[in-house]
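Produce the complete structure using the sequences and hints provided.
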Amino acid sequence: MSVVVRTLKPLCLAFTHMFRRVFTIKYPFQAPVIEDDYRGRIQFFPERCISCGICESVCPTAAIKLVEVKELEGFSEVKKFKKPQLDFGRCCFCNFCVDYCPSEALKSTWLVELAEYEKSKLTYTPYKLSKQPERPKLLPKPKLVKLEISKVRGAGHAPLKKERGKK
Amino acid sequence: MSPDLWSLIWDILQSKLFLELVFIPGIAFIALFTVIVVWAERKILARVMMRYGPLHVGKVAGILQTIADTLKLLFKEFIPPRRAHKAAYYLTPVFVASVPTLALTAIPFSKDWVVFPSDLGLLIAFAVFALSPLLAMITGWACNNRYTVIGSLRVIFQDVAAEIPLLLSALGVVMLSGSFNLVNIVESQRRLWFAFLQPLGALVFFIALIGEIERVPFDIPTAEQELVFGWKTEYGGILFGLLMFGEYITFAAGTLLFVTLYLGGYLGPSFLPPMAWILIKMGILVFLLILIRGAYPRLRIDQLLSIGWKWLIPLAILNVLVTMDLIYFYPWILGG
Numbered sequence: 000m001s002v003v004v005r006t007l008k009p010l011c012l013a014f015t016h017m018f019r020r021v022f023t024i025k026y027p028f029q030a031p032v033i034e035d036d037y038r039g040r041i042q043f044f045p046e047r048c049i050s051c052g053i054c055e056s057v058c059p060t061a062a063i064k065l066v067e068v069k070e071l072e073g074f075s076e077v078k079k080f081k082k083p084q085l086d087f088g089r090c091c092f093c094n095f096c097v098d099y100c101p102s103e104a105l106k107s108t109w110l111v112e113l114a115e116y117e118k119s120k121l122t123y124t125p126y127k128l129s130k131q132p133e134r135p136k137l138l139p140k141p142k143l144v145k146l147e148i149s150k151v152r153g154a155g156h157a158p159l160k161k162e163r164g165k166k
Numbered sequence: 000m001s002p003d004l005w006s007l008i009w010d011i012l013q014s015k016l017f018l019e020l021v022f023i024p025g026i027a028f029i030a031l032f033t034v035i036v037v038w039a040e041r042k043i044l045a046r047v048m049m050r051y052g053p054l055h056v057g058k059v060a061g062i063l064q065t066i067a068d069t070l071k072l073l074f075k076e077f078i079p080p081r082r083a084h085k086a087a088y089y090l091t092p093v094f095v096a097s098v099p100t101l102a103l104t105a106i107p108f109s110k111d112w113v114v115f116p117s118d119l120g121l122l123i124a125f126a127v128f129a130l131s132p133l134l135a136m137i138t139g140w141a142c143n144n145r146y147t148v149i150g151s152l153r154v155i156f157q158d159v160a161a162e163i164p165l166l167l168s169a170l171g172v173v174m175l176s177g178s179f180n181l182v183n184i185v186e187s188q189r190r191l192w193f194a195f196l197q198p199l200g201a202l203v204f205f206i207a208l209i210g211e212i213e214r215v216p217f218d219i220p221t222a223e224q225e226l227v228f229g230w231k232t233e234y235g236g237i238l239f240g241l242l243m244f245g246e247y248i249t250f251a252a253g254t255l256l257f258v259t260l261y262l263g264g265y266l267g268p269s270f271l272p273p274m275a276w277i278l279i280k281m282g283i284l285v286f287l288l289i290l291i292r293g294a295y296p297r298l299r300i301d302q303l304l305s306i307g308w309k310w311l312i313p314l315a316i317l318n319v320l321v322t323m324d325l326i327y328f329y330p331w332i333l334g335g
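Chains L and P supply the protein sequences, listed in that same order.
Using numbering that gives the first Met the number 0, read the first sequence as starting at 0 and increasing by one per residue.
Using numbering that gives the first Met the number 0, read the second sequence as starting at 0 and increasing by one per residue.
No wet-lab data here; the hints were simulated from the structure.
Check the hints yourself; a few may be wrong.
Straight line, CA to CA, 20 angstroms or less: simulated SDA-like cross-link-like pairs of lysine to any residue [claimed, not checked]:
id, chain 1, residue 1, chain 2, residue 2
1, P, 58, L, 27
2, L, 142, P, 61
3, P, 309, P, 209
4, L, 25, P, 57
5, L, 8, P, 291
6, L, 25, P, 59
7, L, 8, P, 216
8, L, 145, P, 58
9, P, 58, L, 29
Structure, rendered in structure tokens:
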């Protein structure tokens, strides 16, 4: 008898699972839940940096490079020193730099959407690195459009709903 | 065109054979079944795993996802392996997709709605089922790849272990109804379905059927995690689509055969036509098989063989003996 119970139990379980809450989220249309201490983009606090260069030497993928910072770049109150510049095309998000930083000038944030169209944009200068990441705006749901070809502008699109309303 | 030709075309269009071949159980039924069942399988499996499943193609719940996938397969390039047997490589998908449809010709959808009415309908269905491992073997050998060869060898092992209990358990039904004619078999279930008269036979037939149509937990020949895709590894594009199409036609034929043999076929209360009843029963069975796919892990080939040879075949023989005794000692169960 126990054999029958053991055989039928997974089937009943699978059936009850059908009516449970869905675990996955519709990602581009729905915000993913990312914790604040996630190993995402690294934020740089220039006023805390002592320019020791430990982050550069500890970086396993050589993504961090210390560069000279000009005063005009937004660090007028900070003295002229070399500050870290991070190439996210090379970064492996190991957080060694965050762990080794003696003055806690580097911190990881939750931002994971770092895709760019150009590789050069992945290199974050100290000024860009020090910006607080903003919560991304969610993509709106795609609207249905229809193809519209005009002689002046070439191929374009027009909303489909208005057409429906006219009919 | 002359009026004679028009009237001839009109006669053909009106003839029953045309309706049967085109609508049910013909091309339209098979295509619609494949489209809906592939979608339903993905959706139900996703729900079992607490996912969404197909969502965007088509307005409601990704219902057009299968059609989109088919279109994608149509436009894909297929690359034959260099050392493949080209003729067999290109021809077998066509046969894999077309041969199982012959099994549908024997299934009665109502008392007079059979494409090929025959006194040996059950044997025709089983003969068509017996052809599928041969095609799989030719496919696996023609591709000249180690995965396809292992997959086709597994098909042969599995089908021997599954087909003997399948035939033996169907023997009980034949003994009770006294006929190989599927219409007679359905008609003799008017008082009681054979699933209740032969619970053991129905169980053995069901398990052997899952092995025969190569579905989880017996999808050992196409085990994605060990063999890349079993005997279908080397195919791409619409040839792969044809192989999957054949698989789902076999699925349809198997479920319809189970419904016909054990669940009273087209019989049911008269407020729905008989064709609706057989399709409803088939739908429930398809849902159960999809749920089984979501619930159970795949067996190993030796486990399947031990189940087939040590359990299913003895149980099927036991079922035949019990049925013989029943008919001898209680002849009233035959309805006489």
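Here is how each hint holds up against the structure:
Between residue 58 of chain P and residue 27 of chain L the alpha-carbon distance is near 18 angstroms, which keeps this suggested pair within the 20 angstroms criterion. Simply put, residue 142 of chain L and residue 61 of chain P have alpha-carbon atoms about 16 angstroms apart, close enough for the 20 angstroms limit, and the pair holds. Distance restraint check for residue 309 of chain P and residue 209 of chain P: the Cα-Cα separation of roughly 17 angstroms lies within the 20 angstroms cut-off, and the hinted pair is therefore satisfied. A distance of roughly 16 angstroms separates the Cα atoms of residue 25 of chain L and residue 57 of chain P; the hinted pair therefore holds under the 20 angstroms criterion.
A threshold of 20 angstroms between alpha carbons decides the hint, and for residue 8 of chain L with residue 291 of chain P the separation of about 11 angstroms falls inside it, so the pair holds. At roughly 15 angstroms between alpha-carbon atoms, residue 25 of chain L and residue 59 of chain P fall within 20 angstroms of each other, so this suggested pair holds. Restraint check: the Cα-Cα separation between residue 8 of chain L and residue 216 of chain P comes to about 15 angstroms, which is no more than 20 angstroms; the hinted pair holds. Proposed proximity of residue 145 of chain L and residue 58 of chain P is supported: the alpha carbons are some 16 angstroms apart, at most 20 angstroms.
Proximity of residue 58 of chain P to residue 29 of chain L is assessed by CA-CA distance (about 19 angstroms); at most 20 angstroms being required, the pair is judged to hold.
When each numbered hint is compared with the structure, no violation occurs for any of them.
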